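K.L.:
Sequence:
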Amino acid sequence: MLKSWTQRICNILLAVCLIYLSASWLDSPSKANLDEIIFKKSLGNGNSIYGARDNRGGATVGFSYRYYISKEFNADERILTALKEITPFLTTKNPDVSAQIVDGTLHLSTRGRIYEFSSYALENVQGASAIKVIMTL
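Counting in the working numbering, the sequence shown runs from 5 upward without gaps.
These are calculated hints, taken from the structure and not from any lab test.
Being a predicted model, the structure only gives us computed values, none of them experimental.
Hints are not guaranteed to be accurate.
[What the hints assert, rightly or not] DSSO-like mimics (lysine-lysine), calculated; alpha carbons at most 27 Å apart, straight line:
# : residue 1 : residue 2
1 : Lys97     : Lys75
2 : Lys44     : Lys97
3 : Lys75     : Lys88
4 : Lys35     : Lys88
5 : Lys35     : Lys75
[Said to hold, decoys possible] Pair ranges (Cβ atoms, derived):
# : residue 1 : residue 2 : range
6 : Glu120    : Asn49     : 20 to 26 Å
7 : Ser26     : Gly116    : 30 to 36 Å
8 : Ala79     : Leu25     : 36 to 42 Å
9 : Gly48     : Ser28     : 24 to 30 Å
For glycine and all other residues, C-beta sits at the position ideal for the given N, C-alpha and C.
All chains, full assembly: derive it from the sequences and hints.
P.N.:
Following this line, the structure appears as structure tokens:
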């Protein structure tokens, strides 16, 4: 009788642990798999906008493209390493993004699906007094 109660308690604890681990795994965001730099635009103040391809989905999911503001680097490998530590301000389905600085204003333009956009990374960019984002469908 004692053995059956012990077995039941162990089974319940195992089930609770599996449910907890499954929920934690589903809730945790996966890290981007940045494998190629597709866009570079110097802001003229020691910082640049970089676009990187995210190959996280493998053969089953198409690429996404993430855009970051970071200090300038010369080698793509160094850029990819640095970008893994920061949050992108723009994530898109298509790699077609253009950036221009006109009269101290940074103009971003893109076409297609936008998964995420956050202006927080753009707020303290030196060399751009205002941010204008143009999204064309």
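K.L.:
Each hint needs a verdict: does it hold in this structure or not?
P.N.:
Here's how the hints hold up against the structure:
1. Lys97 x Lys75: holds, 25 Å
2. Lys44 x Lys97: Holds, at roughly 18 Å.
3. Lys75 x Lys88: holds, 13 Å
4. Lys35 x Lys88: Answer holds: Lys35 to Lys88 is near 8 Å, not above 27 Å.
5. Lys35 x Lys75: Holds, because 21 Å separates the two Cα atoms, which is no more than 27 Å.
6. Glu120 x Asn49: 20 to 26 Å: holds, 25 Å
7. Ser26 x Gly116: 30 to 36 Å: holds, 34 Å
8. Ala79 x Leu25: 36 to 42 Å: holds, 39 Å
9. Gly48 x Ser28: 24 to 30 Å: With a Cβ separation near 44 Å, Gly48 and Ser28 fall outside 24 to 30 Å, so the hint is violated.
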